[in-house]
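Trainee: The primary structure of each chain is shown beneath.
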Amino acid sequence: MPILAYQKAVSLAQVRDLLGAEVFCGEDLSAQVGQVGAADLMSDVLALSKPGMLLLTGLASTQMIRTAAVSGLCGVVLVRGRKPDESVVALARERKIPLLGTPLTMFEAAGLLYMTIAGR
Amino acid sequence: MDPPEELESIYLVAGRDFANAGRVSTAIMDALKRLGVDPELVRRVAIASYEAEMNIVMYALRGRMSLRINPSAVIIEAEDEGPGIEDIDLAMQEGYSTATPEIQEMGFGAGMGLPNIKKNADEFRITSEVAKGTRLFIRVNQGA
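Each protein sequence line maps, in turn, to chains A and B.
As numbered in this note's numbering, residues 726 to 845 make up the first sequence, in order.
As numbered in this note's numbering, residues 3 to 146 make up the second sequence, in order.
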């Protein structure tokens, strides 16, 4: 899983706008994103993520939210239009993990964020 | 001088109960946060505890986890009734796993759990008996 440290942070609200994302839960999108990781393997997130990281993933499960919670992530973006079940949204709300969804693929979403945050 | 104060909580974990997998670890995380434990330490304990909890859910029939907090350390012990581990050295190798495709579809079973517990712990011990179960001892020191 690539973990990128950027020169420039953006807010979750900016991430939402950039990725044309819908917000499944998360009233406050002011958190600043300094790092982004892209993974479907939760073991990788548990082993390699940094606190405050934003996760791009195709996995819309309760385990993914638990993984985000114990890893102290700032939010999760589901890619390629994946819709979470109500149980997943409820858990994200309970754990206060902003959960967004974009129609873009993982590659496109990661590329857009990289170009924006790395300032290329 | 009085002996140092120690708090202990016990949690039960059901094997194969994927819907609730992770509940114990988030409860442990919340308890440590409430006690004002350093956030980076909370994160290490929560990750190690979650890996241990997922191992019980994925592989064992049932298990029990305990959390102990004293001024010098946070200690997690996990004990399960299950198949046990035949070769612990092999299980500790990154990438070695006996996970089923079902487990892998959930984003686990990449053979990284036990090494990751060790990485997040200041002290880690594992013992296992085949066809009986596995025990983990995880200690994370407070106030480095």
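These are computed hints drawn from the structure, not numbers from a lab.
Treat the hints loosely; a few may be bogus.
As the list claims (entries may be wrong) - Covered, in the sense of this in silico footprint (three residues per stretch, anywhere, with C-beta under 8 Å from a C-beta of chain A), are these stretches of chain B:
{"no.": "1", "region": "42-49"}
{"no.": "2", "region": "123-135"}
To be verified - Computed footprint of chain A on chain B; a stretch qualifies when at least three of its residues, placed anywhere within it, have a C-beta under 8 Å from a C-beta of chain A:
{"no.": "3", "region": "14-23"}
{"no.": "4", "region": "74-86"}
Stated by the list, open to error - Distance condition first, Cα-Cα at most 27 Å in a straight line; then the derived DSSO-like pairs of lysine-lysine:
{"no.": "5", "chain 1": "B", "residue 1": "K134", "chain 2": "A", "residue 2": "K775"}
{"no.": "6", "chain 1": "A", "residue 1": "K821", "chain 2": "B", "residue 2": "K134"}
{"no.": "7", "chain 1": "A", "residue 1": "K775", "chain 2": "A", "residue 2": "K733"}
{"no.": "8", "chain 1": "B", "residue 1": "K120", "chain 2": "A", "residue 2": "K733"}
Note that the Cβ used here is the ideal one computed from N, Cα and C, for glycine as well.
Trainee: To test your reading of the hints: which numbers does this structure violate?
Mentor: Violated: hints 2, 4, 5, 6 and 8.
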